[in-house]
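Number of protein chains: 6
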Amino acid sequence: MDIDLRVIRDLLETALREDIGSGDITSDSVVPADALAKGTILSKGDGIVAGLDVADEVFRMLDPKVDFRKLVSDGEQIHQGQDLAIAKGSARPILTAERTALNFLQRLSGIATMTSQYVRAASGYPVKIIDTRKTTPGWRVLEKYAVRVGGGHNHRFGLYDAVLIKDNHIAAVGSIVDAVARARERIPHTMTIEVEVKRMDQVPEAIKSGADIIMLDNMDVDMMSQAVRLIGGKAVVEASGGIRLEDIPAVAATGVDLISIGALTNSAIALDISMSISTLERC
Amino acid sequence: MDIDLRVIRDLLETALREDIGSGDITSDSVVPADALAKGTILSKGDGIVAGLDVADEVFRMLDPKVDFRKLVSDGEQIHQGQDLAIAKGSARPILTAERTALNFLQRLSGIATMTSQYVRAASGYPVKIIDTRKTTPGWRVLEKYAVRVGGGHNHRFGLYDAVLIKDNHIAAVGSIVDAVARARERIPHTMTIEVEVKRMDQVPEAIKSGADIIMLDNMDVDMMSQAVRLIGGKAVVEASGGIRLEDIPAVAATGVDLISIGALTNSAIALDISMSISTLERC
Amino acid sequence: MDIDLRVIRDLLETALREDIGSGDITSDSVVPADALAKGTILSKGDGIVAGLDVADEVFRMLDPKVDFRKLVSDGEQIHQGQDLAIAKGSARPILTAERTALNFLQRLSGIATMTSQYVRAASGYPVKIIDTRKTTPGWRVLEKYAVRVGGGHNHRFGLYDAVLIKDNHIAAVGSIVDAVARARERIPHTMTIEVEVKRMDQVPEAIKSGADIIMLDNMDVDMMSQAVRLIGGKAVVEASGGIRLEDIPAVAATGVDLISIGALTNSAIALDISMSISTLERC
Amino acid sequence: MDIDLRVIRDLLETALREDIGSGDITSDSVVPADALAKGTILSKGDGIVAGLDVADEVFRMLDPKVDFRKLVSDGEQIHQGQDLAIAKGSARPILTAERTALNFLQRLSGIATMTSQYVRAASGYPVKIIDTRKTTPGWRVLEKYAVRVGGGHNHRFGLYDAVLIKDNHIAAVGSIVDAVARARERIPHTMTIEVEVKRMDQVPEAIKSGADIIMLDNMDVDMMSQAVRLIGGKAVVEASGGIRLEDIPAVAATGVDLISIGALTNSAIALDISMSISTLERC
Amino acid sequence: MDIDLRVIRDLLETALREDIGSGDITSDSVVPADALAKGTILSKGDGIVAGLDVADEVFRMLDPKVDFRKLVSDGEQIHQGQDLAIAKGSARPILTAERTALNFLQRLSGIATMTSQYVRAASGYPVKIIDTRKTTPGWRVLEKYAVRVGGGHNHRFGLYDAVLIKDNHIAAVGSIVDAVARARERIPHTMTIEVEVKRMDQVPEAIKSGADIIMLDNMDVDMMSQAVRLIGGKAVVEASGGIRLEDIPAVAATGVDLISIGALTNSAIALDISMSISTLERC
Amino acid sequence: MDIDLRVIRDLLETALREDIGSGDITSDSVVPADALAKGTILSKGDGIVAGLDVADEVFRMLDPKVDFRKLVSDGEQIHQGQDLAIAKGSARPILTAERTALNFLQRLSGIATMTSQYVRAASGYPVKIIDTRKTTPGWRVLEKYAVRVGGGHNHRFGLYDAVLIKDNHIAAVGSIVDAVARARERIPHTMTIEVEVKRMDQVPEAIKSGADIIMLDNMDVDMMSQAVRLIGGKAVVEASGGIRLEDIPAVAATGVDLISIGALTNSAIALDISMSISTLERC
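Residue numbers (the working numbering), protein chains in the order written: chain A, 287 to 569; chain B, 287 to 569; chain C, 287 to 569; chain D, 287 to 569; chain E, 287 to 569; chain F, 287 to 569.
Since the list gives no way to pick out one identical chain from another, each pair is judged satisfied if it fits inside one copy or across any two copies.
Quick list of in silico lysine to aspartate or glutamate cross-link-like pairs, DMTMM-like style, CA-CA up to 25 angstroms: (1) Lys330 to Asp533; (2) Lys520 to Asp498; (3) Lys520 to Glu471; (4) Lys420 to Asp290.
Treat the hints as calculated values from the structure; they're not laboratory data.
Only a predicted model underlies this, so the values are computations on that prediction, with no experimental measurement involved.
Using the sequences and the hints given, assemble the complete structure.
Dropping the structure here:
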């Protein structure tokens with residue numbers, strides 16, 4: 287699935303308003319209205335690029351006549367010093383949009399880069415690296431896109447598109463079996479139910495409940511292996527909870543289907559990307 | 287300056303809509319409408335807490351009757367295992383708001399924690415650690431608040447509240463002196479002008495231009511010392527560009543007034559904070 | 287699942303703005319500001335009531351001090367002449383809100399009533415009556431709620447929470463098997479895939495594709511029976527396409543799991559509900 | 287009066303967001319980004335078409351490059367099997383917009399069709415069929431447009447553009463004469479006043495009050511005739527309240543100027559209209 | 287008609303956002319969070335006060351706990367030095383809201399004051415002073431309220447609630463009679479039609495067209511008298527176009543029913559109103 | 287600084303919605319859909335024009351195909367009877383937009399004209415005429431633009447971009463020195479601090495506090511001269527409070543750097559500008 291720019295239009299509007307406020311006083315007072323500029327976006331680090339179409343959209347929201355050309359595509363491995371895209375046109379909108387465009391690009395590329403490291407660590411195993419709902423508020427759709435760009439897969443998008451029953455929900459209703467039954471009765475036939483288990487003795491009940499997916503939360507590798515055997519294909523199995531990059535091979539080896547990593551979206555380091563501007567003849 | 291919750295209301299609305307969408311199908315189908323819950327927010331790491339009032343607001347936006355009590359205040363040092371706040375009330379809104387509230391709290395506390403490390407590294411020097419415009423789009427006001435909570439100070443809030451003339455602006459108009467003059471003629475008397483210099487030979491011109499602040503961009507420590515001497519108090523001096531935590535003492539020793547760090551807002555690691563829920567008697 | 291009033295707040299705001307515009311000139315000019323009123327909502331027909339909490343919210347949005355008491359609850363069978371609720375308070379807001387509140391109540395009760403007729407027609411069969419995406423634009427969540435109130439179940443909420451592959455999608459990619467494979471590779475593990483088939487020869491391919499749900503579109507009852515046997519429990523089976531109330535028992539007898547009815551949400555007759563107002567002493 | 291698409295832009299945006307949410311996962315995952323499609327909108331029933339420009343706008347909101355050609359115009363009688371319009375362009379936006387565009391078209395055509403039946407029943411009499419404020423919240427302007435397309439006329443648009451004094455308003459102020467006088471004193475000279483009467487003895491007072499329009503609410507045909515004679519042209523006369531299609535000729539024969547029908551907008555059956563898609567060569 | 291605060295809520299929100307932006311840095315940094323204040327709103331000029339409920343709302347939007355007490359009511363004559371209202375509560379929100387509240391109060395009182403001067407000039411004549419659509423964009427409803435407070439009446443609220451046919455419309459369709467006929471055919475029976483005439487020879491045609499209201503645009507007093515006689519009660523008559531305060535008695539004496547004054551809303555001088563704050567004990 | 291039309295887009299949308307509401311019933315019913323028109327905007331008074339790009343934008347928001355040509359530019363002196371711009375295109379959108387476009391143009395030109403009178407009165411003195419925050423709520427950015435067009439300069443834009451400490455703030459914290467110190471500690475290094483003084487004995491403390499700007503509020507000319515001498519260049523000096531046009535030379539002669547005038551934005555008389563329309567051949 288690609289990113290649908292219409293879905294994130296409000297965030298882009300918010301981002302530009304937030305930075306521009308009552309006006310870009312530097313560009314508007316210093317740069318002549320008819321000055322032209324060519325901005326070259328280049329990487330100052332190594333990683334996986336994500337968000338080039340978002341950056342493109344940011345420039346064109348300020349001035350539809352800006353000519354934006356991508357030199358690479360989202361998902362490509364990029365290297366320090368590499369040019370990623372060129373924006374040409376009126377100098378003022380390019381200067382005004384620069385920081386916002388880069389802020390999107392740096393964050394999304396940071397997430398894609400981190401995801402790709404986890405995916406690589408799991409290579410050779412039939413397991414998917416997936417994200418969580420630990421995303422930056424306002425950025426859910428974008429950050430999940432960046433995870434896909436980095437080779438990962440997505441967990442549910444929100445509270446609305448799948449059931450995920452945690453210990454607190456179970457406590458409120460008495461048992462896993464009852465909780466799953468209540469949910470199954472009420473949800474559309476298109477939706478699935480995942481149940482979180484923290485202890486081995488919960489696994490048989492989770493299986494019995496008919497949950498489609500069982501999440502093993504904060505279990506050690508031995509417990510995970512045991513749980514996977516117990517489940518025996520009767521449900522999809524997700525490993526979750528504080529799993530670090532160096533833990534991935536061992537967790538993958540347990541036979542779980544999915545490993546979810548909150549850090550992908552809440553602790554990625556921005557990839558260092560900047561823009562260098564050269565001024566063209568005036569129009 | 288405290289955080290003004292009214293200013294971030296739209297982001298909180300967006301965050302809740304994004305997660306809830308057409309409804310929290312798990313809570314709404316599994317948890318009885320009259321179930322009560324007590325949620326304890328606790329830290330699983332060490333750091334500086336920031337965003338407790340934001341979390342409070344998130345819960346109350348879902349249900350004004352939720353009773354939220356802070357056990358610590360923003361800016362306090364917290365430790366692994368420490369309880370931070372308690373939310374009591376109807377179980378459904380507490381469960382629905384949980385992830386969004388934590389996502390704010392984790393990110394803001396991560397920024398405050400990272401900032402406090404830079405501030406500590408600079409202790410003993412009359413220098414301020416400041417942020418940049420490298421913030422998460424949509425989060426500018428909140429992230430700048432978290433920097434203050436961590437002991438840092440803020441740079442300008444956006445393109446609208448101060449002039450910052452970079453090399454590209456200078457290129458467009460010919461010289462630093464001309465650029466500053468153009469800006470000074472047009473801006474309110476309440477606004478100041480900062481000029482970015484990358485080479486030593488630009489420093490005298492920046493001084494001559496009458497800029498209020500001079501930013502030394504990507505200079506090494508020796509160049510910075512020389513520039514500070516040259517400026518000799520005629521302008522406030524900011525050091526900027528790829529300065530790492532371990533560089534802080536040496537940069538501070540050059541005599542610059544400010545050190546700006548983009549990583550504070552674009553590369554902070556989320557502080558691990560979670561919520562543990564116990565169910566109360568039904569109402 | 288109950289209705290979450292927060293999710294429909296924007297529609298309620300829109301509805302009130304649309305009717306009130308620059309002001310309710312009748313109430314504001316004719317009715318004294320301190321007049322009190324008691325409005326009794328009563329049914330002029332038989333059916334299933336739905337939307338009482340929505341009506342309550344409409345009154346309270348105009349004046350939080352209006353006292354709204356439900357005499358019945360959503361889902362109850364009501365009869366001509368029966369009182370449903372009482373709104374007491376300041377006369378102006380009650381008069382201003384009346385039409386909007388009734389418009390919601392009439393439409394939602396109409397949908398619940400129609401749904402209950404289909405559900406009754408299917409009673410005795412292990413089949414669910416479900417809705418479609420043929421809802422009134424802007425009303426998706428509300429109308430799907432009314433279907434549940436009437437005893438029906440929901441299909442997916444939108445294009446975002448389940449995959450439904452129709453003939454056009456298949457045409458674009460070549461085969462059902464390829465289409466399902468492409469989707470499965472990209473969607474979260476929590477999502478399911480439904481495939482629409484129109485001819486009997488597509489059924490084996492749909493089974494082979496591993497689709498979770500197979501929709502039999504516009505098939506006659508004999509074909510449906512044959513398809514159900516062929517599928518033999520390997521997928522959930524939905525009957526769809528122009529099925530009328532009188533067709534329900536025969537379709538249900540084919541053994542399909544679900545019967546979807548577009549008319550529930552796009553062709554329901556409003557249940558006739560009105561408000562009778564008596565004026566109280568002035569405050 | 288035509289429909290002004292700018293006025294309904296917000297509803298169209300809402301409709302698309304509601305259906306698309308975080309993305310059309312079927313089209314985005316199954317259909318190649320460069321696939322082209324030709325969608326033919328065709329009617330599966332007989333009636334009056336309304337909303338073709340709305341459908342056009344929906345497609346173009348998703349992709350301004352979609353080429354939409356109307357084969358008929360709003361207000362034309364259409365027949366089962368007749369093609370109404372063709373949309374050509376990129377396959378993904380056409381597939382994504384399909385359901386929303388049809389939902390508008392079906393509902394509006396249903397209203398126009400029902401209206402035309404009432405208008406036909408009144409033909410030969412100098413009476414207008416008009417709508418009411420019993421519209422679908424959020425759809426007021428659109429539904430009133432569909433009524434005009436079907437040959438009907440509009441009543442006031444909302445609470446803001448004319449005074450309509452009902453029994454409850456009268457009760458609050460004491461008498462029809464006082465109520466009209468209070469309103470007349472306060473409203474712009476461009477606005478008119480309508481008074482609702484339910485009993486014959488109220489008619490003389492309504493005349494005396496100087497009301498511009500008198501609404502006869504829920505009267506039988508004999509009472510209406512008597513009221514029309516009494517009013518004798520001193521006010522415009524509207525018949526209202528539960529008037530069925532089969533009652534129209536008799537009501538029209540009483541000499542009333544207007545017959546208002548709430549069912550036009552709250553109980554119309556959607557006209558069955560669908561889209562058939564053929565895939566073109568890729569671009 | 288009173289002002290309905292719900293209708294102007296968006297403007298108040300906009301006003302506060304515009305002034306507060308990313309935060310009131312003066313109050314937030316200088317004033318302790320627990321400081322209390324008592325603000326006394328007082329007039330520094332003579333006039334008619336309008337907008338006290340708006341000011342009240344502004345304070346309460348910033349802090350619902352601010353206690354706002356009116357000492358006079360909208361429409362009263364006030365004098366230099368007179369106290370108008372008192373706001374008590376937390377100092378920060380009172381200081382932050384002060385300027386916005388006063389900006390509303392000053393402008394609305396200026397309009398009410400100017401209107402009252404025109405109304406007084408027309409006293410003794412059966413003529414109404416009315417406003418126009420020459421209002422401040424965004425302020426239509428509020429400014430029309432201020433005109434009513436000053437003793438004036440309103441013209442139509444916008445392009446949507448009455449027909450006003452000007453020379454340009456007439457040119458487009460050929461004749462006044464045709465233009466009125468076209469409009470009458472299409473508009474609701476509740477709406478009226480006004481025709482603008484600039485020359486005496488247009489008056490008979492305007493009468494013949496059946497227009498409800500005839501506007502005499504930019505005519506001198508003799509022409510107006512002649513036109514009034516010609517119309518002879520067959521239509522309401524409005525005088526319009528550059529009429530100054532000193533012209534009012536002569537224009538009123540011509541027998542016109544209405545005199546419209548654009549200056550009421552686009553050229554009123556703000557009434558000088560300020561707030562004096564005393565600090566209370568801290569809470 | 288020019289005006290950035292993106293920043294005022296919401297106000298323009300609001301303005302058009304406010305006037306158009308559910309539709310321009312006059313144009314839509316009277317003017318044929320294919321009629322063309324040429325509208326000439328002309329001045330009926332002398333002054334400085336401001337807002338032509340805003341007017342252009344208003345027309346193009348209704349119809350992007352309207353061809354708008356400026357005959358003069360913002361800031362030019364215009365005279366009674368002079369043509370300012372021509373709008374050509376479809377008649378309906380031009381007629382619908384006319385009033386809104388003129389309302390912007392008249393108000394902004396009124397402000398520019400008034401400002402230019404104050405600027406002329408101060409000519410020969412090294413003093414700037416500046417505006418205040420006494421702007422029309424919703425219009426801050428636009429009105430400050432009009433002040434610049436008239437030759438004036440801007441004060442701060444809102445509560446967010448500079449500190450302005452008034453007597454009330456001082457009262458809350460004890461002394462000017464303490465207030466300035468509290469603010470300086472918390473604000474970005476890019477922001478400045480202004481202090482308001484009303485009495486001569488406050489001037490030395492204001493100087494001592496290190497305030498960047500000192501505002502002399504409501505002082506007479508002798509006091510101002512004395513204060514300017516006392517300050518002696520250690521802070522920028524602003525004169526404020528009820529200064530009339532005829533006072534300007536005397537105030538300027540005191541040596542203050544800035545004179546702020548609230549009347550520029552809250553008491554300007556609209557410049558009389560109208561549109562004359564001629565109808566073209568139909569398209």
